[in-house]
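So the protein sequences, as listed, match chains A and B. Using our numbering, read the first sequence as starting at 1 and increasing by one per residue. Using our numbering, read the second sequence as starting at 291 and increasing by one per residue.
Keep in mind that the hints were calculated from the coordinates and are not lab data. Among the hints, a few may not be true.
Partial selection, computed: residues in chain B whose CB lies under 10 Å from chain A [claimed, not checked]: (1) K451; (2) K495; (3) P520; (4) T522; (5) Y538; (6) A555; (7) A558; (8) K563; (9) L583; (10) M714; (11) A722; (12) G736; (13) A740.
C-beta: ideal position from N, C-alpha, C; glycine also.
As a plain string of letters, each chain reads:
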Amino acid sequence: MNTLLAPNDYKSPLKPIWCPGCGDYGVVQALYRALSAVGRPPHEIAFISGIGCSSRIPGYTTAYGFNTVHGRALPIAQGVKLARPELLVIVAGGDGDGFSIGGGHVPHAIRRNVDLTYLVMDNQVYGLTKGQLSPTSPRGLKTVTSPMGSLEQPINPLLTVLAYGAGFVAQATPADMPGMTALIEEAIRYPGFSFVNIQSPCITFGEEEQQLKAHKARMKPLASLGHDPANQLAALDLARAYGTELYTGVFFRNPSPPPTYDVLVRERQVELQRGEPRPRSRVLDNFPRS
Amino acid sequence: MIEDLVVGLAGSGGDGVVSAGESLLAAASAQGFHALMTKSFGSQIRGGESSCRVRLSTRKVLNPGGVLDVAVALNWEDFRRFGAELPVGPETVLIHEAKAGPPPADFAPADRMPREVIGVPLAELAKASAGTDRAKMTVVLGALAGWFGLPRDGLDRGLQKKFAQKGEGLLEANRKALARGVAFAVEHPLISPRTLTLPIRASPKMICDGNEMCASAAIFSGCEFFGGYPITPSTEVMQILARELPRYGGVVLQAEDEISGVGAAVGASFAGKKSMTATSGPGMSLKTEVLGLASLAELPLVLLDVQRGGPSTGIPTKPEQSDLFAAAFSAHGDVLRPVLAPTSVEDTFRVTVEAFNLAERYQTPVMILSDQEIAQRKETVDPIDVSRFELVERIRPTPEQLAAGYQRFSATPSGVSPISHPGMEGGNYLAAGIEHDVRGAPTASGAVHAAMNEKRFRKLAPLQERADLFEIQGAANAPLVLVSWGSSAGVAREAFALARARRLPVKLLVPTLLYPVAEPVFRTFFAGVQAGLVLELSHQGQLYRLLRMFVDVPRGVTSFARSGAQPFRVDEVVQRLAQAAETLR
Numbered sequence: 001m002n003t004l005l006a007p008n009d010y011k012s013p014l015k016p017i018w019c020p021g022c023g024d025y026g027v028v029q030a031l032y033r034a035l036s037a038v039g040r041p042p043h044e045i046a047f048i049s050g051i052g053c054s055s056r057i058p059g060y061t062t063a064y065g066f067n068t069v070h071g072r073a074l075p076i077a078q079g080v081k082l083a084r085p086e087l088l089v090i091v092a093g094g095d096g097d098g099f100s101i102g103g104g105h106v107p108h109a110i111r112r113n114v115d116l117t118y119l120v121m122d123n124q125v126y127g128l129t130k131g132q133l134s135p136t137s138p139r140g141l142k143t144v145t146s147p148m149g150s151l152e153q154p155i156n157p158l159l160t161v162l163a164y165g166a167g168f169v170a171q172a173t174p175a176d177m178p179g180m181t182a183l184i185e186e187a188i189r190y191p192g193f194s195f196v197n198i199q200s201p202c203i204t205f206g207e208e209e210q211q212l213k214a215h216k217a218r219m220k221p222l223a224s225l226g227h228d229p230a231n232q233l234a235a236l237d238l239a240r241a242y243g244t245e246l247y248t249g250v251f252f253r254n255p256s257p258p259p260t261y262d263v264l265v266r267e268r269q270v271e272l273q274r275g276e277p278r279p280r281s282r283v284l285d286n287f288p289r290s
Numbered sequence: 291m292i293e294d295l296v297v298g299l300a301g302s303g304g305d306g307v308v309s310a311g312e313s314l315l316a317a318a319s320a321q322g323f324h325a326l327m328t329k330s331f332g333s334q335i336r337g338g339e340s341s342c343r344v345r346l347s348t349r350k351v352l353n354p355g356g357v358l359d360v361a362v363a364l365n366w367e368d369f370r371r372f373g374a375e376l377p378v379g380p381e382t383v384l385i386h387e388a389k390a391g392p393p394p395a396d397f398a399p400a401d402r403m404p405r406e407v408i409g410v411p412l413a414e415l416a417k418a419s420a421g422t423d424r425a426k427m428t429v430v431l432g433a434l435a436g437w438f439g440l441p442r443d444g445l446d447r448g449l450q451k452k453f454a455q456k457g458e459g460l461l462e463a464n465r466k467a468l469a470r471g472v473a474f475a476v477e478h479p480l481i482s483p484r485t486l487t488l489p490i491r492a493s494p495k496m497i498c499d500g501n502e503m504c505a506s507a508a509i510f511s512g513c514e515f516f517g518g519y520p521i522t523p524s525t526e527v528m529q530i531l532a533r534e535l536p537r538y539g540g541v542v543l544q545a546e547d548e549i550s551g552v553g554a555a556v557g558a559s560f561a562g563k564k565s566m567t568a569t570s571g572p573g574m575s576l577k578t579e580v581l582g583l584a585s586l587a588e589l590p591l592v593l594l595d596v597q598r599g600g601p602s603t604g605i606p607t608k609p610e611q612s613d614l615f616a617a618a619f620s621a622h623g624d625v626l627r628p629v630l631a632p633t634s635v636e637d638t639f640r641v642t643v644e645a646f647n648l649a650e651r652y653q654t655p656v657m658i659l660s661d662q663e664i665a666q667r668k669e670t671v672d673p674i675d676v677s678r679f680e681l682v683e684r685i686r687p688t689p690e691q692l693a694a695g696y697q698r699f700s701a702t703p704s705g706v707s708p709i710s711h712p713g714m715e716g717g718n719y720l721a722a723g724i725e726h727d728v729r730g731a732p733t734a735s736g737a738v739h740a741a742m743n744e745k746r747f748r749k750l751a752p753l754q755e756r757a758d759l760f761e762i763q764g765a766a767n768a769p770l771v772l773v774s775w776g777s778s779a780g781v782a783r784e785a786f787a788l789a790r791a792r793r794l795p796v797k798l799l800v801p802t803l804l805y806p807v808a809e810p811v812f813r814t815f816f817a818g819v820q821a822g823l824v825l826e827l828s829h830q831g832q833l834y835r836l837l838r839m840f841v842d843v844p845r846g847v848t849s850f851a852r853s854g855a856q857p858f859r860v861d862e863v864v865q866r867l868a869q870a871a872e873t874l875r
């Protein structure tokens, strides 16, 4: 463990605007600890988010942050990572940001396997706009936009991300701070696209059974079930319980991670740049002349 | 003797019309002619109608030309689909595949019906000489060489290049077809013979199209990242960069959609790299939100919009100049982003370099408005002396600034604040689409928002003084004006020269910078003006209306605009100018 950088070195002077009791306070604390454990200095970290309560999180760290537009954190983060692969790039957002407006980007970030860590703070509700239905809201949930109860089947983030082929998939809750810290650290260290679904309660609009107290009672560490994280089929099976069971821990970790897209891109660049240097000022020589 | 020849060819997809046009272009270029070729297709991917027009001249070719000197129809149906794009007149030599029969009675109005119509048994001659009717376009080239005095060695070199890899047999067969075409022309001389004046000497030229030129200029400018999504007619830019950019250490990402393409480019710019995206109208609509983010976060970005007919899918394969409003205004909030337009393939180099420079200097997205004609037409281009181009890099914070409480959005007199990027120690800040203070901290303060808006507009104020981004020709006190932009400017330049030769008191303005409207430049230009035209290819006349938002355009200056895929002709512009001149006091 790196002793040079303490968790507080990742904490910015900005005071979070989250509601008192919001699960995201726990997430940012766990993140400070995980980053300190990984030990990369803040200026080598790019922290990209979308829009939503949880997307405020980059501003509460000392890393380079980019609080972008709704649903587009993943594409922007891929641009950052491909432009500067030496950076540690973390992406964060809520369930609406990642699985509703930005849902179209998730499969592509995963299939490219850009080395990003994607933290979704999943609270099954739109908090910033004050309590509307989210893509992970359970069927039947009554909200201001579903006053008689939702008729929609929620999306299952764990199952979809596993099905898209992510190499690292985990679930955490602020009800287990050491567990969440360890999972975020492991996700960051995983070489490739990693995903942590964080069940982060919305204290203001969330359901009773989604609060920390209920989490403490409901959560079941996957390790205690004897789950082998290298077993992708078992992971898929367990992920089906999203919405009924609160499993925590690593669902799937690819035991032999394939090369990441950013590494492959760099290798190809190096290969193409072998031999005669090609000054950009000679680019017009490429055209046929007569 | 003639100095200028416009040839239009049309046929079905498999006829090799475009390939023949390219051979003609290459041969003309090898001979020292200036030349330009435009292509036009139906929307089918294979088959369907296809056409091209080639203009060659001993002088610089400014536009694809108007009424055809020579029209080549492989069949009547396909030729007529191109209507206004391949206009004929009494002087046009109309050559057609003999077996298609004579032109239908309604081929052209009586006053525009070509006087000289020659049926050539193209397929038959090809088969007899080359052994295959697939060489029929080579017969056409031979006939053109015979009738108009195009030197055969240039055409032969073109054949060699084209068929060298396909085997000696094919090359020899096409040589025979070429000779047969020449012989046919000799056997059937024109009633009114015309022979091209040859250029005095051949100087080396490049042959390329606007998309190729844009991609090359991006590489020259130091672009290190491109994110995009395939869309006609801009896709070639991504294709070329996908091949070339990695050789220079850059990255190209074909994203999953238009939004992702511009998003990745903005991410790369945040990471400190010169970056770019390209699209056409529909993609422009989708990219709007992320463009606003780049404006607010003050990140450099170049966006190429190759305009096509719109709105919605419109006419994807044909040019229009109807995205100017979208380029200038498609954003929520108060946004100012520079919009530049090239007027030719050659000009695309200068404009693209300028776009990167403005983006980096002022930390803003910059739009390049090209259009399908410029993007996909091939031109002979004189060698470009790249050493005369200055390249601009964004201003980075000094070590002292980084050590002493760096402020990303510091209030500077210019409005431009030094910009750090991830990896730079001490430069850490929060970039955001949310309004922020000088340090980047989010704020909902109206006072800070107003000050930041003022800063983001102030930094672009120097553009008002960039007279070098405007081409002005003619006497400063001329009371008659012609204003045009983009591909239409090529027609305007020729019309201007002709109008002046006819002693019309006219001056010409071609802006490279369309937005922000450089008010001082236009005020000076319009001072004392009584009449004139703003020439552009859109239904609304978007530049005309944009100018009227910011400048007192004299009442007698009117919009001459029409929808895309109906290019302007020099003669009609001169006629309109002459009419406008009659109103002069």
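How about A722 (chain B): closest beta carbon in chain A under 10 Å, or not?
Result: holds, 4 Å to nearest chain A Cβ.
A closest beta-carbon separation below 10 Å is what the hint needs, so does Y538 (chain B) meet it against chain A?
Interface hint status for Y538 (chain B): holds (6 Å vs cutoff 10 Å).
Classify the hint on P520 (chain B) as holds or violated, based on whether any CB of chain A lies nearer than 10 Å to its CB.
Violated: closest Cβ of chain A sits about 15 Å from P520 (chain B), beyond 10 Å.
Hint check: 10 Å Cβ-Cβ cutoff, M714 (chain B) to chain A:
At about 6 Å, which falls below the 10 Å cut-off, the nearest Cβ of chain A leaves the hint on M714 (chain B) intact, so it holds.
Agreement of hint A740 (chain B) with chain A interface, Cβ distance less than 10 Å:
21 Å, violated
Classify the hint on G736 (chain B) as holds or violated, based on whether any CB of chain A lies nearer than 10 Å to its CB.
Cβ of G736 (chain B) sits 18 Å from chain A, so the hint is violated.
May I ask you to test the interface hint for A558 (chain B) with respect to chain A, counting a Cβ-Cβ separation under 10 Å as satisfied?
Since the shortest Cβ distance to chain A is 4 Å, the answer is holds.
Quick one, is the T522 (chain B) hint okay against chain A at 10 Å, beta carbons?
22 Å, violated
Please verify that hint: L583 (chain B), Cβ, nearest Cβ of chain A, below 10 Å or not.
5 Å, holds
Given K563 (chain B) was flagged as interface, is its beta-carbon under 10 Å from a beta-carbon of chain A?
5 Å, holds
Identify whether the interface hint at K451 (chain B) stands, where standing means a beta carbon of chain A within less than 10 Å of its own.
9 Å, holds
Using the nearest Cβ pair, does A555 (chain B) come within less than 10 Å of chain A?
OK, holds: A555 (chain B) within 10 Å of chain A, min 6 Å.
Hints 3, 4, 12, 13 from the earlier list are contradicted by this structure; the remaining hints agree with it.
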